[in-house]
Each structure stands twice: as structure tokens, then as C-alpha cells.
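Trainee: Sequence:
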Amino acid sequence: MLRSCFLALGVLAVPAASLAQDLTADIQTMKTSYAASGSIVTLDKHTLVIEPNMPGPVCALPRSEAGKTTWSYFAFPLASITVPLETVDETLITEDRVFTSPDAARAYKPGDLGDTTMVVVMGVEGRQFHTLMYDRDKLAQLGPGVHNSSEYGQAPDDVEAFGLTFTDHAAAQVFVDALRSAVLLAKKQTVARAEAPGR
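For what it's worth, the numbering used here labels the leading residue of the sequence shown as 27, then goes sequentially.
I should point out that these hints are in silico values taken from the structure, not numbers from a laboratory.
Check each hint, because a few of them may be wrong.
To be verified - Think about it this way: if two alpha-carbon atoms lie no more than 30 Å apart in a straight line, the pair counts; the simulated BS3-like pairs of lysine-lysine are:
hint	residue 1	residue 2
1	Lys-214	Lys-71
2	Lys-213	Lys-57
3	Lys-135	Lys-94
4	Lys-213	Lys-71
5	Lys-57	Lys-164
6	Lys-57	Lys-214
7	Lys-71	Lys-57
As the list claims (entries may be wrong) - For each label pair, taking beta carbons as the anchor points, the in silico distance ranges come out as:
hint	residue 1	residue 2	range
8	Ser-90	Gly-179	35 to 45 Å
9	Val-172	Gly-93	42 to 52 Å
10	Asp-163	Ala-196	26 to 36 Å
11	Gly-93	Lys-71	47 to 57 Å
12	Gln-167	Trp-97	24 to 34 Å
13	Phe-100	Ala-133	12 to 22 Å
14	Ser-176	Ala-196	29 to 39 Å
15	Thr-108	Leu-168	20 to 30 Å
16	Lys-94	Asp-129	17 to 27 Å
17	Lys-214	Ser-176	39 to 49 Å
18	Gly-93	Gly-152	37 to 47 Å
19	Ser-90	Ser-127	11 to 21 Å
20	Asp-203	Val-67	18 to 28 Å
Quick caveat: nothing in here was measured; it's all calculated off a predicted structure.
Using N, Cα and C, we set each Cβ at its ideal position, and we do this for glycine too.
Start from the sequences and build out the full structure, keeping to the hints where you can.
Mentor: Quick look at the structure:
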């Protein structure tokens, strides 16, 4: 009887270890695919800190409506985003091809593909991400070299969604796939811990 209990525990332990290994692999994939756009560090097993390169580009997104092209503009002045994986809604991660050239609207022809991929990450309802925002205008006025964060107006803010940009579309797709997988695994691990005996 005791031997069969140990065998059962061994069977339960394997999936948990496998989940941890898969999560580690997903996070490493995210770090690698995002490397050209910024850096990612792990605060703990389920929390990432994403630090985009500064300044982030202004993203112009064309939409065709009733035969006319309209434009939406997005800027993500983010120095860092703290991302607990369980707070991400994996069903609401979106990708758009956007243009970062200042004359994009003038030069655009229907069918043109943007030079950058914008990934927008939404939080689950009622949850926010802690960020450090900066003032794009203040940053643009600073010369080269190291500057104190107060010089470019860095300040904390909480947001329901954030955007990341990738110049490599394939890297963006790899990042999104790894993020979705990591979020699902983190949520499964959280449930498994809550349901573990003795909890």
C-alpha cells in the first residue's frame, strides 16, 4: 500500500516538474525574441520586468473604412513594465503591422505592410500592470550620455494594457506564442499549488 502511494506521488510530481521546465523555456524564448527591442528580467518564477529600448517609436496604424484610409497613432513611453504572468489575458494579445516613419500617412499605398509589429498585451479584468512611464519630449531634448530618470520625467503609473514593438515580425510572433504559453502554464501552476494537499 505504502509503495503504491509513493508511486502515485511520483506520477503527480512529474507533470509539475515538466510545467516548471516548460515555463522556464518559454520565458527564455521571450527574452531571446525581444532582445532587439529591449530586455526582460525575471523578478520571480511568475513575474517579468520588461524594459523596452528608449525612446519607443510612434506607431501609425492604417485602417481602411468605406474606401478611405484612416490612421491611429500609438506611443508607448515605457521605461519598464512589471508583468505577473497570471494577470495577462492570453486571449486578448494582439499583433498589428504598423509604420514608424514620420511620413507614413503620406507615402502609404493600400496593401503596404508596416515596418514594425506592435504587440498589445491586456490584463485580466480588474487587474493592472505597474509601469514606469517617461516624458518623450523631455527625453528627446537630452543629449547623449547617462541621465537621471528625473530629467526625462520618469514616474510610476498603473495601466490596463501595454504595447511592445518589434522590427522583426517573425520575432514578434515567436514572442507572442511564448507569452501565451507562459501565461497558461503560470496559471496552471498557481491552480496546482492551491489544490495541493496541506494548502
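Trainee: Against each hint, give a clear statement of whether it holds in the structure.
Mentor: Now for the hints, and whether the structure bears them out:
Straight-line distance between C-alpha atoms of Lys-214 and Lys-71 comes to about 13 Å, which keeps the hinted pair within the 30 Å bound. Distance hint between Lys-213 and Lys-57 is fulfilled; the C-alpha atoms sit about 20 Å from each other, no more than 30 Å. Among the hinted pairs, Lys-135 with Lys-94 is consistent with the structure: their alpha-carbon atoms are about 11 Å apart, no more than 30 Å. With a C-alpha separation of about 12 Å, the suggested pair Lys-213 and Lys-71 falls inside the 30 Å cut-off, and the hint holds.
With a C-alpha separation of about 29 Å, the suggested pair Lys-57 and Lys-164 falls inside the 30 Å cut-off, and the hint holds. For a cut-off of 30 Å, the pair hint linking Lys-57 to Lys-214 stands: about 21 Å separates their Cα positions. Proximity of Lys-71 to Lys-57 is assessed by CA-CA distance (about 14 Å); at most 30 Å being required, the pair is judged to hold. Evaluation of the 35 to 45 Å hint for Ser-90 and Gly-179 yields a pass: the beta carbon distance comes to about 36 Å.
The hint said 42 to 52 Å for the Cβ distance between Val-172 and Gly-93, and at roughly 50 Å that hint holds. At about 33 Å, the beta-carbon gap between Asp-163 and Ala-196 stays in the expected band of 26 to 36 Å. One distance hint, 47 to 57 Å for the beta-carbon pair Gly-93 and Lys-71, holds here, with the actual separation near 51 Å. The hinted window of 24 to 34 Å between Gln-167 and Trp-97 holds, with their beta carbons roughly 26 Å apart.
About 19 Å separates the C-beta atoms of Phe-100 and Ala-133, a value consistent with the hinted range of 12 to 22 Å. Our hint of 29 to 39 Å for Ser-176 and Ala-196 holds, since their Cβ atoms are close to 38 Å apart. A C-beta distance of roughly 25 Å is found between Thr-108 and Leu-168, which places it inside the suggested range of 20 to 30 Å. Against the hinted window of 17 to 27 Å, the Cβ-Cβ separation of Lys-94 and Asp-129 comes to about 19 Å, which satisfies the hint.
Between Lys-214 and Ser-176 the C-beta distance comes to about 42 Å, which sits within the given range of 39 to 49 Å. At about 40 Å, the CB distance of Gly-93 to Gly-152 agrees with the hint of 37 to 47 Å. Taking 11 to 21 Å as the suggested C-beta distance range, the pair Ser-90 and Ser-127 conforms, at roughly 19 Å. The given range of 18 to 28 Å is respected by Asp-203 and Val-67, whose C-beta atoms sit roughly 21 Å from each other.
Hint violations for this structure: none, all hints satisfied.
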